[in-house]
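The whole structure should be built from the sequences, with the hints applied where relevant.
Top to bottom, those sequences are chains A and B. What the first sequence shows, in the working numbering, is residues 1 to 356, in sequence order. What the second sequence shows, in the working numbering, is residues 1001 to 1356, in sequence order.
These are computed hints drawn from the structure, not numbers from a lab. Since this is a predicted model, take the numbers as computed values, not measurements. Please note that a few of the clues may not be correct.
To be verified - What follows is a list of derived Cβ distance ranges for each label pair: (1) A/V209 x B/G1148: 50 to 58 Å; (2) B/R1122 x A/K71: 18 to 26 Å; (3) A/E226 x B/G1204: 57 to 65 Å; (4) A/R338 x B/S1344: 40 to 48 Å.
What the hints assert, rightly or not - To give an idea of the interface, some chain A residues facing chain B are shown, with a C-beta separation under 10 Å as derived from the structure: (5) Q55; (6) L67; (7) I271.
As the list claims (entries may be wrong) - To list a few chain B residues with every Cβ distance to chain A over 10 Å, as calculated: (8) E1187; (9) L1191; (10) P1259.
Virtual Cβ for every residue (Gly too), placed ideally from N, Cα, C.
Each chain, written out:
Number of protein chains: 2
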Amino acid sequence: MNKNKDVVGEESSGALMADVARLAGVAISTVSRALANPGRVNEKTRAKINAAARQLGYTPNAMARGLRVGKSNIIMIILPGSLYYGASQIIPQVLQSINKSLIQGGYNLMIANLDRDEISERHILDLAFGGSVRGAIILSSKLPEVDGRSLANSGLPIVSMLLDMSDAGLQSVITNDREAVRDVTAELIRLGHRRFFYLAGPEGNYHDVERYGGVLEALEAAGLSEGSVRRSGGHLDYQHGFDIGVQAADDFAELTERPTAVIATSDDMAISFVSRVQRRGVSIPGDLSVVSFDGSPVCEFCSPPLSTIKQPVEEMGRAAVDLLLGAIGQTQTTAAVRTVIRSSLIPRESIAAPKS
Amino acid sequence: MNKNKDVVGEESSGALMADVARLAGVAISTVSRALANPGRVNEKTRAKINAAARQLGYTPNAMARGLRVGKSNIIMIILPGSLYYGASQIIPQVLQSINKSLIQGGYNLMIANLDRDEISERHILDLAFGGSVRGAIILSSKLPEVDGRSLANSGLPIVSMLLDMSDAGLQSVITNDREAVRDVTAELIRLGHRRFFYLAGPEGNYHDVERYGGVLEALEAAGLSEGSVRRSGGHLDYQHGFDIGVQAADDFAELTERPTAVIATSDDMAISFVSRVQRRGVSIPGDLSVVSFDGSPVCEFCSPPLSTIKQPVEEMGRAAVDLLLGAIGQTQTTAAVRTVIRSSLIPRESIAAPKS
DNA sequence: CGGTTTTTGGCAAACGTTTGCTATGCATCG
DNA sequence: CGATGCATAGCAAACGTTTGCCAAAAACCG
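What follows is the structure in structure tokens.
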């Protein structure tokens, strides 16, 4: 469009390596080596080449490079369903953390959404098999697989996050869901609670299984029966956490012998649940203690401030990237391992000893 | 690794177009045309080719294609700073909406973070000038620019979102910040409020300027002086919304003649502010009405439920993608236009007439 | 049935890098 | 002083597609 006479010889097509070579008075191959390799070219020539490159505003073409070396520098993150829940920032935080680590390693992050349809699976497989991406971080329990192509044998390094998929042969970075819930349940028992209300995620979901497992372990350890806990929810996804909490408040209201402590599998559930039962006159923590999972910052500003188990999202993201980049470096596929990073309870006023 | 004798001739390198051609007994070029072009090849040959492709699990190499045609199918979204705020899901929602629309158009989404450092700017410029991306959606008021390369003259189609950058020549998809705040302020005035407290975003920030402008417009229209509103905040970024609210609660407590209505520029600010002033015995909406901006779902479950101006994030995302893909189709760069999608107030219990 | 048009398929040249191999220059060594 | 080695630079062949151009075949027309 606009021809500016000065230093930036901007053609609409952009400067090529050949242009740089010409300007610097060397061969193309020398330019390539000067820009990428370390000591392969004379320091003086390199300086000349760098100057020429800068003057032309030269940027190497990533696709040409990728084609030649057979590698891309793009990592794909496979997200299940929605990117956002009610108030939880888990996924965005993961994204942020992963992206940051990736960039430091010279990689770029591409988003892939794995919905329940075949289209999105095919899309992801095209990315994987089409050489577009160099590795994947997956936050879903289902590996895309269509028409005999499966992400599992794409040859790509894959790391699982949040879910333990080491059984499926994937390096997994997870938190100690079960243990964390067990500990907080034990603490509630220690405070004197004997009847529990559990707000469940989708039936069979990894997190729900683990977290509920934690509750049961604590009950058993304290000699309490499985009947001490009532489940609510179980049919909705985590992204509908608010709805689950609202529903659960209704369920709760109908109970004759009311539990004294609530364990919610996500902050969203806890937040909407608390809001609704308070409206019905239930006092927290007077009548009911509440604790939930995720560690959303907003919990601090609820009334009362909500106790929550904080997931170490940043650390998990970093760890996942480290593992992935490590795997990219190797030729060997390392045996699947679990990397567990501990969650920790942030105790706040929503927990107290039961009244009676 | 494992050689399976059956249908999936999976070499570690993957099937090539040449393999498909050989299996189908045609030339490479015919395969290319059969897979991409519409009517250029006989229906029967095409069927044979499709069968062969499927049998081999063939996936075209995206980088080779990209190199040849000089185009990628990746769109980059340039995000300023953090991906997550306190409880607001604006950015994740944008991401989700954009990604969804993009995939339908056959494009992929790459994330680029524009921090305040030169590294990230350079990174983005490399992406833009290196042919990696086909277009960009930017959520920042600053266009990356380093060493004479500037995103502005990268030749890429760019669409701005949330911020009006039509002055800088960018198509912009925005909401009516100013008007929405003006209307809600007017409504508060109508209810009888005369003294306002305004929780500000960072000084000079587009959204803050617009929203505060809306307040002032409403005041003026009602014949109230600019002194009717006190500002608090202004030095922190939106991502520290909770901190702003906490701070503002302190400021508020020190005022001798207290405002009766609060207008917060983000839900986060409102949430933490409300939490803190309630603790000091301020009753909402009895002593103080509160309204904020964003429309975070969590506002419904605050006590009292918070009135908030809901941004049409999904729609804006869709619109931005439509514009971008439109611009990609054209050779002409269309003149910069603003696309405004209206926000709307979700009225809840946090607003009432002032006491006296 | 020869000539003309239309369809269909193949050849080979791009696209912009990287990199193995070779050529050159220069210093070092016997 | 000739031979050997080492550093540096250049040539040209890849990488896996797409596509302009041409050839062959088929269909159509007079």
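Please check whether the beta-carbon of B/L1191 is more than 10 Å away from every beta-carbon in chain A. It holds; B/L1191 is separated from chain A by about 24 Å at its closest Cβ, greater than 10 Å.
Does A/I271 hold up as a contact with chain B if the rule is Cβ-Cβ below 10 Å? 5 Å, holds
Taking the CB of B/R1122 and the CB of A/K71, does the distance hold inside 18 to 26 Å? About 21 Å separates the Cβ atoms of B/R1122 and A/K71, which means 18 to 26 Å holds.
Quick check: does the Cβ-Cβ distance between A/V209 and B/G1148 fall within 50 to 58 Å? 56 Å, holds
Per-residue hint verdict: A/L67, partner chain B, C-beta under 10 Å: 5 Å, holds
Identify whether the interface hint at A/Q55 stands, where standing means a beta carbon of chain B within less than 10 Å of its own. The hint holds - A/Q55 has a Cβ within 10 Å of chain B, the shortest such distance being about 9 Å.
Grab the minimum beta-carbon distance between B/E1187 and chain A and tell me whether it stays above 10 Å. 25 Å, holds
For B/P1259, which was marked as not at the interface, is the minimum beta-carbon distance to chain A over 10 Å? 20 Å, holds
May I ask you to test the hint 40 to 48 Å on the CB atoms belonging to A/R338 and B/S1344? 47 Å, holds
Satisfaction of the hinted span 57 to 65 Å by the C-beta atoms belonging to A/E226 and B/G1204: 59 Å, holds
In the structure shown, no violation is registered for any of the earlier numbered hints.
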